[in-house]
Amino acid sequence: MEKNLESLNPSQVKDLLAKTLSSWIAERDRLNELDRALGDGDHGTTISRGAQAAIDSLQTGNFSSVNQVFAAVGRAMMTSMGGASGMLFGLFFRSAEKIPVSEVLDLGTLNALFDRGLEDLRARTKAQPGDKTMFDALIPALTSLRESQGDLIAALDQAASSATEGAQKSAELIPKFGRAKTLGERARGTPDPGATSVAIFFTGLAANAKALSPQS
Amino acid sequence: MEKNLESLNPSQVKDLLAKTLSSWIAERDRLNELDRALGDGDHGTTISRGAQAAIDSLQTGNFSSVNQVFAAVGRAMMTSMGGASGMLFGLFFRSAEKIPVSEVLDLGTLNALFDRGLEDLRARTKAQPGDKTMFDALIPALTSLRESQGDLIAALDQAASSATEGAQKSAELIPKFGRAKTLGERARGTPDPGATSVAIFFTGLAANAKALSPQS
Amino acid sequence: MREYLVKTNNAVEAVIQGLQATSPFPIERVGSHFGVTYRGNSARKAKLLTGGGSGHEPLFLGAVGPGMADGAIAGEIFAAPNPDSILAVTEALQPCEGMIYLYGNYSGDVLNFGFAAEEARAKGIKVEEIRVHDDVASAASDAATERRGIAGDIFVLKCVAAAADRGDSFSDVLGLGEKASAWTRSLGVALRAAASIDTGQPMFELPVGEIEIGMGLHGEMGVQRSTFEPVETLVPRMLDLILADFESTGLSLDRAAVMVNGLGSTTVLELLAVAGHTKITLEKNGIQRPLFRTGQFATSLDMAGFSITLTKLDDELENLLNADAHSFAYSTLRP
Amino acid sequence: MREYLVKTNNAVEAVIQGLQATSPFPIERVGSHFGVTYRGNSARKAKLLTGGGSGHEPLFLGAVGPGMADGAIAGEIFAAPNPDSILAVTEALQPCEGMIYLYGNYSGDVLNFGFAAEEARAKGIKVEEIRVHDDVASAASDAATERRGIAGDIFVLKCVAAAADRGDSFSDVLGLGEKASAWTRSLGVALRAAASIDTGQPMFELPVGEIEIGMGLHGEMGVQRSTFEPVETLVPRMLDLILADFESTGLSLDRAAVMVNGLGSTTVLELLAVAGHTKITLEKNGIQRPLFRTGQFATSLDMAGFSITLTKLDDELENLLNADAHSFAYSTLRP
Ligand SMILES: Nc1ncnc2c1ncn2[C@@H]1O[C@H](COP(=O)(O)OP(=O)(O)O)[C@@H](O)[C@H]1O
Ligand SMILES: Nc1ncnc2c1ncn2[C@@H]1O[C@H](COP(=O)(O)OP(=O)(O)O)[C@@H](O)[C@H]1O
Ligand SMILES: [Mg+2]
Ligand SMILES: [Mg+2]
Ligand SMILES: [Mg+2]
Ligand SMILES: [Mg+2]
Chain E
1 MEKNLESLNP SQVKDLLAKT LSSWIAERDR LNELDRALGD GDHGTTISRG AQAAIDSLQT
61 GNFSSVNQVF AAVGRAMMTS MGGASGMLFG LFFRSAEKIP VSEVLDLGTL NALFDRGLED
121 LRARTKAQPG DKTMFDALIP ALTSLRESQG DLIAALDQAA SSATEGAQKS AELIPKFGRA
181 KTLGERARGT PDPGATSVAI FFTGLAANAK ALSPQS
Chain U
1 MEKNLESLNP SQVKDLLAKT LSSWIAERDR LNELDRALGD GDHGTTISRG AQAAIDSLQT
61 GNFSSVNQVF AAVGRAMMTS MGGASGMLFG LFFRSAEKIP VSEVLDLGTL NALFDRGLED
121 LRARTKAQPG DKTMFDALIP ALTSLRESQG DLIAALDQAA SSATEGAQKS AELIPKFGRA
181 KTLGERARGT PDPGATSVAI FFTGLAANAK ALSPQS
Chain C
1 MREYLVKTNN AVEAVIQGLQ ATSPFPIERV GSHFGVTYRG NSARKAKLLT GGGSGHEPLF
61 LGAVGPGMAD GAIAGEIFAA PNPDSILAVT EALQPCEGMI YLYGNYSGDV LNFGFAAEEA
121 RAKGIKVEEI RVHDDVASAA SDAATERRGI AGDIFVLKCV AAAADRGDSF SDVLGLGEKA
181 SAWTRSLGVA LRAAASIDTG QPMFELPVGE IEIGMGLHGE MGVQRSTFEP VETLVPRMLD
241 LILADFESTG LSLDRAAVMV NGLGSTTVLE LLAVAGHTKI TLEKNGIQRP LFRTGQFATS
301 LDMAGFSITL TKLDDELENL LNADAHSFAY STLRP
Chain R
1 MREYLVKTNN AVEAVIQGLQ ATSPFPIERV GSHFGVTYRG NSARKAKLLT GGGSGHEPLF
61 LGAVGPGMAD GAIAGEIFAA PNPDSILAVT EALQPCEGMI YLYGNYSGDV LNFGFAAEEA
121 RAKGIKVEEI RVHDDVASAA SDAATERRGI AGDIFVLKCV AAAADRGDSF SDVLGLGEKA
181 SAWTRSLGVA LRAAASIDTG QPMFELPVGE IEIGMGLHGE MGVQRSTFEP VETLVPRMLD
241 LILADFESTG LSLDRAAVMV NGLGSTTVLE LLAVAGHTKI TLEKNGIQRP LFRTGQFATS
301 LDMAGFSITL TKLDDELENL LNADAHSFAY STLRP
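Protein chains in written order, with our numbering: chain E, 1 to 216; chain U, 1 to 216; chain C, 1 to 335; chain R, 1 to 335.
By construction, these hints were calculated from the structure, which means they are not laboratory data. What you were told as hints is all true, and nothing was included just to trick you.
Partial chain C-side listing against chain E, Cβ under 8 Å, derived:
#1 A79
#2 P81
#3 N82
#4 P83
#5 D84
#6 S107
#7 L111
#8 F115
#9 M203
#10 M221
Remember, predicted model here, so these are calculated numbers, not experimental data. Virtual Cβ for every residue (Gly too), placed ideally from N, Cα, C.
Please model the entire structure based on the sequences and the hints provided.
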């Protein structure tokens with residue numbers, strides 16, 4: 001019988017994130033392929049570089065709060081990736097520094113953390129859902145997370161499927177931001193690489209959280 | 001019954017050369033292919049350019065001597081081709097200016113003309129038979145022509161087969177001159193483009209002379 | 001399939017080492033960042049920092065030098081530099097009255113330079129930004145400030161640097177930069193995609209025999225895909241688009257600085273052919289060309305193709321462009 | 001498969017038009033020949049004519065200018081110029097005390113320039129020839145004068161031109177040229193064959209993943225075929241061959257002018273990587289590098305690859321190389 005997973009300590013969060021980040025590395029080629037159709041073909045390379053740097057920084061760091069773990073990921077990504085995605089993904093995680101310090105990660109903290117991340121992103125880009133960017137997966141994911149009534153695992157599952165659906169649907173959109181924006185109709189049919197990365201992240205987070213969950 | 005062809009007037013020589021030159025244009029790709037293996041891949045392009053310029057100059061010129069016809073070909077080739085082959089083929093024909101003026105082309109004139117051409121070439125390049133250059137076809141052809149006892153047609157037939165044999169045999173040689181000279185062993189197996197052009201020339205000359213020959 | 005002599009993981013390091021090896025004036029590296037400075041432009045009130053992704057060599061690191069940028073910062077291949085590194089170069093150039101960040105208008109660069117600018121300001125450093133947006137293919141003329149920056153970066157930077165060198169105040173330099181930027185238009189064409197430095201495979205699909213007019217410096221899509229066209233018709237078609245854009249924005253063009261820029265593997269032979277036809281077309285349109293440069297200034301790895309840049313000139317801009325300058329990317333020529 | 005923006009039948013015309021379009025100083029065409037002159041080097045007793053096949057842009061036509069060649073003559077792509085045209089440029093440069101023909105040592109060039117020189121002499125014009133033979137891959141060091149000329153043409157030409165500008169006598173200029181030529185060594189490497197401008201097909205066979213060290217400027221075979229190698233080991237291996245050649249001819253090398261030259265589609269990024277590793281290797285060998293140039297100076301259409309040239313320097317050659325010069329192909333940089 002399953003016990004509900006209610007909260008994680010910093011060391012568990014560190015493991016959870018490290019495992020999750022590694023799926024970007026695994027999906028590198030697919031992400032490059034998407035960006036080859038819509039941008040400059042490097043989103044997989046870029047985000048794997050960020051993931052690797054973040055993993056390295058998690059491995060060497062000592063974390064007394066959940067905020068520090070997320071912020072370390074954000075800083076490593078922002079510095080190692082560069083580009084649009086380095087700033088956007090980096091800032092999203094790094095914003096954890098700006099909310100009250102918490103020694104455990106529960107659904108409330110996660111929502112606070114990601115909502116602050118989103119707020120900081122929105123201060124930097126005018127992209128809206130429907131503009132074929134990472135927001136097309138991120139916003140549905142965060143909405144699910146925020147509206148979820150269940151435990152952390154169930155909430156993450158919900159977020160993962162919303163993100164995945166959002167990423168898939170982005171295929172039909174016409175881009176308004178980033179390198180793809182001059183493509184127009186030619187962009188239809190390919191999902192946005194950044195949105196796909198968001199889906200990969202939430203899918204990994206849900207799966208890896210399940211593995212952490214104290215099962216029978 | 002065939003009548004022997006003993007001599008040609010300048011206008012016949014002009015037709016004979018124009019027809020013969022056009023076979024270089026027809027063989028352009030094959031000659032490029034040979035030069036691709038041994039040099040810079042342009043011998044066909046270069047010699048067709050020369051052939052076309054020579055044909056143009058024959059068509060616009062008025063010739064009162066055989067020497068003028070050959071010299072016009074030589075000048076046009078030298079000027080339009082450039083490169084090693086432009087100088088060598090050009091000079092070979094242009095040397096016709098330097099021998100006594102003749103109003104008919106018979107075997108004797110042809111020998112005098114080509115021998116002078118060869119002499120002028122030898123003053124400019126130290127290449128010897130066996131060095132994998134145009135000389136590997138030219139020298140056997142001129143030797144045949146000089147030693148021939150028959151009429152012009154028979155002599156040209158002889159020269160054509162000597163040139164062709166020489167060009168074929170050049171495949172087994174190691175180049176000592178021109179762009180191919182650093183190839184060493186890697187040059188074996190491919191006949192020299194310049195020698196092949198010489199063979200094409202003499203083969204054409206013989207065939208076209210036959211066509212001119214007053215037949216029954 | 002194409003192999004590069006460097007790999008993604010050592011490419012930018014190699015660029016910095018190479019610049020230091022080949023430069024006749026001292027170029028200093030900033031820590032372990034992909035950033036460099038040249039400290040000789042001492043008369044400037046405004047200091048100039050330029051930057052962007054790598055893969056565009058000789059830009060951006062190659063743009064530092066006497067009469068050119070004071071600092072430059074690179075990102076990885078086709079990725080804008082990160083804010084920490086931008087900030088590190090900014091700090092290495094202190095003290096000064098103020099800094100101008102000059103870069104091509106791309107999402108990634110806007111985000112990272114913008115972030116760094118805020119951090120610098122938080123540290124008490126005055127920073128303003130000039131975003132070059134010369135690529136007429138990338139947005140309509142009524143949304144010109146949304147356009148991408150391509151080879152036009154160089155003329156704008158050259159003008160700004162020369163204005164700083166003649167001792168202009170910070171705000172005058174900035175104003176001059178806005179003017180130079182507003183007066184600069186470019187258009188590129190891709191003939192073959194660049195090969196990825198990672199995989200050796202083409203970075204986007206462009207079938208042999210097709211070309212894309214308006215392709216961006218990273219293979220962003222342009223305005224017209226068409227079949228291959230020789231310079232004789234291609235160049236006039238491109239210039240018509242640029243000239244129409246000047247016209248539609250009310251800028252009458254009677255004198256221009258011209259840059260014919262190779263994108264990577266277009267031969268110098270071809271660039272000269274482009275230059276020749278550019279001259280013919282401009283002459284037909286009655287446009288004077290007192291400054292005309294042909295070469296590789298802003299590339300896109302080994303993409304085949306070229307861009308043409310026109311900067312409208314008045315006496316001031318012409319003088320600024322003619323002022324002495326030396327850098328690996330661009331130097332003034334004296335007749 | 002690669003399409004060029006020009007075709008064989010208009011390529012050289014296009015180069016001439018382009019040079020005239022982009023040049024800040026006047027370049028005159030000689031009749032309808034593929035020849036150009038620059039008339040401003042008035043102090044010279046010896047006038048300098050350079051030339052060779054086309055496809056090597058910015059050479060050879062791009063080498064005319066102040067402090068550089070007085071005349072240049074091109075042939076068709078990869079074909080030496082014809083003697084009539086060489087003679088036409090020679091005559092366009094009269095009167096002068098004497099002419100120096102400076103060109104790379106290839107059969108075709110030797111034949112055509114040699115023939116033209118005889119015809120010029122028959123017309124009473126004094127002509128001597130300098131055949132640059134810097135390519136160490138193309139013959140053993142005891143047969144150095146049989147070697148091909150590659151990018152070394154430029155440093156030799158620059159020295160000769162500067163000697164002429166300081167007013168040296170004809171024979172002194174010629175002697176200086178022989179010295180500069182004897183002190184100049186290069187080695188190239190091909191990473192991918194050039195595409196024919198006619199057919200778009202590779203001009204020779206070089207499978208992906210293989211390289212040819214010592215490849216000539218037209219794809220002539222070199223000394224070593226091997227598998228692809230990154231700059232870190234490739235550059236030291238090439239420099240070892242060049243340095244060994246200096247040594248074997250008894251020239252001790254403690255100071256050198258360095259040129260890292262791109263053959264066509266090798267990116268500026270890669271050329272900088274080559275420059276960086278060249279510096280490291282020369283430093284290890286205790287060789288000073290007061291002049292170090294990186295760029296595209298002598299190309300081979302769109303061949304991928306590069307060459308490295310070293311000219312041994314004494315004070316005289318260093319001063320000559322540093323003297324002011326401007327041309328499309330090469331200009332002096334001032335620190
Ligand atoms: N202005 C923007 N707002 C929101 N998302 C953006 C913006 N610019 C880019 N992106 C996201 O970044 C992704 C591309 O990332 P990446 O390829 O790593 O960066 P780059 O475009 O610099 O090469 C896009 O798919 C999109 O989701
Ligand atoms: N020095 C030489 N002596 C004799 N023949 C030569 C010499 N150099 C070149 N050739 C001939 O010229 C041919 C190459 O001609 P071509 O390809 O037109 O000229 P290029 O080598 O200038 O490209 C060679 O196959 C050879 O027969
Ligand atoms: Mg991308
Ligand atoms: Mg050839
Ligand atoms: Mg990118
Ligand atoms: Mg040739």
